[in-house]
Amino acid sequence: MFSADFDGPASLWISALDGSRLRKISPRSITAIANTDMEPAWSPDGRQIAYTSITGDSRSSDIWIVQASGAYPVKLIANGASNGSPVWSPNGRKIAFVSDKNDSRDIWTMNADGTQPAKLVSSPGYQSDPSFSPAGDQIVFSKYENGASTLMVVNANGTELRALTTGAFKDWEPSWGVKGIVFTSNRGPDPDERRVWSIQPDGSGLRKVGDVAGSGPVWLPDGRIVFSDRRITSKALNEITIFNPVTGARQVVVDVQGYFTPIDIRPGKPANRINPKSMGKLKVAILSIRTFDATKAVSQASMTFGRTGSENSLVDCSKKFKDVNGDGLPDLTCRFTLRDTGFQAGNTVGVLRFKDRERSIPYEGRDTISTGLEDDSDDFKDED
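Following this note's numbering, the numbering of the sequence shown begins with 2 at its first residue and continues without gaps.
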């Protein structure tokens, strides 16, 4: 589970640990204003997801929960403040989060239904990144003060606050598991480089976890660590990686091999159903934004599209530029030979990659699809 801007504003996505079955679960906005959904957190029973949502250009953010299918979104808290970073207690009864209500950024807790929100602890500094202990009786978080970020531990009822780490470092994003606490830190010769570290709840055993440069580490139940990888092993600009601290083995789950660009598969249609065995040609629009004119900037010769994004399936691009999404900007619409896209039954995402004409900067766009055995008649029409 992660947040990504594959096909527009940041949304919630799920994939299997091997990177397959990628799908978007963010609920559709009931208004014309797009939501930015981020910071997802699974409930302990795996049935619900808590997340942070920002509507349009609002300066506040709210905490919601949604079913794992993306159905029945419910707003838990909306108080005009910036609320975020929700995490569940191990028994699923409480949610800890960060809020700047009352002009200070602190850790709060509430019941899982949104009732009884309360500030956990009052202390100087900027508090962030809460994580419950496996027993649910304590919470670790990061506190920024005087140029340094320190890990702090407090009882779940707000008593016995203590510092876990010390020094003029930036210790962020703690995750408390049965084998200790992993976190991101700039401890090391390069203060601008983030790496994954671990420490025991009593403050002992501080050490760097392998040679892992990244952020957002989270313990998995089997003792492995999933994180956002900054040590790129492919052409990706960002990777979500699973690391085994015992064997040192790495497994890339999701990679993004270019800067984000919005695309629309089957522009103008509500569903992107594809027959992988079709002999037709599929339309995909590269959407322009205020800072990127797709009709002028895209190097069509570099364009690839399909199951992995590396398939050479381009037929042509229309010379008639149309605004396919109604934002007043002309978009670039191209056709791709379906039999060359490599799609297979069960695929859920189409990936398009290209470079810009001026500096050969890589871009990547993603949109959701579904597969079936029926052809779409539009795939057999001449380009218009």
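To be clear, the hints were calculated from the coordinates, so they are not data collected in a lab.
Where hints are given, some of them may not hold.
[What the hints assert, rightly or not] Think about it this way: if two alpha-carbon atoms lie no more than 35 Å apart in a straight line, the pair counts; the simulated DSBU-like pairs of lysine-lysine are:
#	residue 1	residue 2
1	120	102
2	270	209
3	209	180
4	120	76
5	120	180
6	209	278
[As the list claims (entries may be wrong)] Distance windows between CB atoms, simulated:
#	residue 1	residue 2	range
7	252	382	53 to 61 Å
8	115	313	46 to 54 Å
9	223	70	20 to 28 Å
10	328	80	55 to 63 Å
11	376	192	52 to 60 Å
12	93	60	26 to 34 Å
13	136	327	50 to 58 Å
14	43	119	34 to 42 Å
15	60	115	19 to 27 Å
Treat the numbers as computed from the prediction; the structure is a model and nothing was measured.
In this text, a Cβ means the ideal position worked out from N, Cα and C, and glycines have one as well.
Now the hints, each set against the structure:
no.: 1; hint: 120 to 102; verdict: holds, 9 Å
no.: 2; hint: 270 to 209; verdict: violated, 50 Å
no.: 3; hint: 209 to 180; verdict: holds, 14 Å
no.: 4; hint: 120 to 76; verdict: holds, 19 Å
no.: 5; hint: 120 to 180; verdict: holds, 28 Å
no.: 6; hint: 209 to 278; verdict: violated, 49 Å
no.: 7; hint: 252 to 382: 53 to 61 Å; verdict: violated, 43 Å
no.: 8; hint: 115 to 313: 46 to 54 Å; verdict: holds, 50 Å
no.: 9; hint: 223 to 70: 20 to 28 Å; verdict: holds, 25 Å
no.: 10; hint: 328 to 80: 55 to 63 Å; verdict: violated, 32 Å
no.: 11; hint: 376 to 192: 52 to 60 Å; verdict: holds, 57 Å
no.: 12; hint: 93 to 60: 26 to 34 Å; verdict: holds, 31 Å
no.: 13; hint: 136 to 327: 50 to 58 Å; verdict: holds, 52 Å
no.: 14; hint: 43 to 119: 34 to 42 Å; verdict: violated, 23 Å
no.: 15; hint: 60 to 115: 19 to 27 Å; verdict: holds, 21 Å
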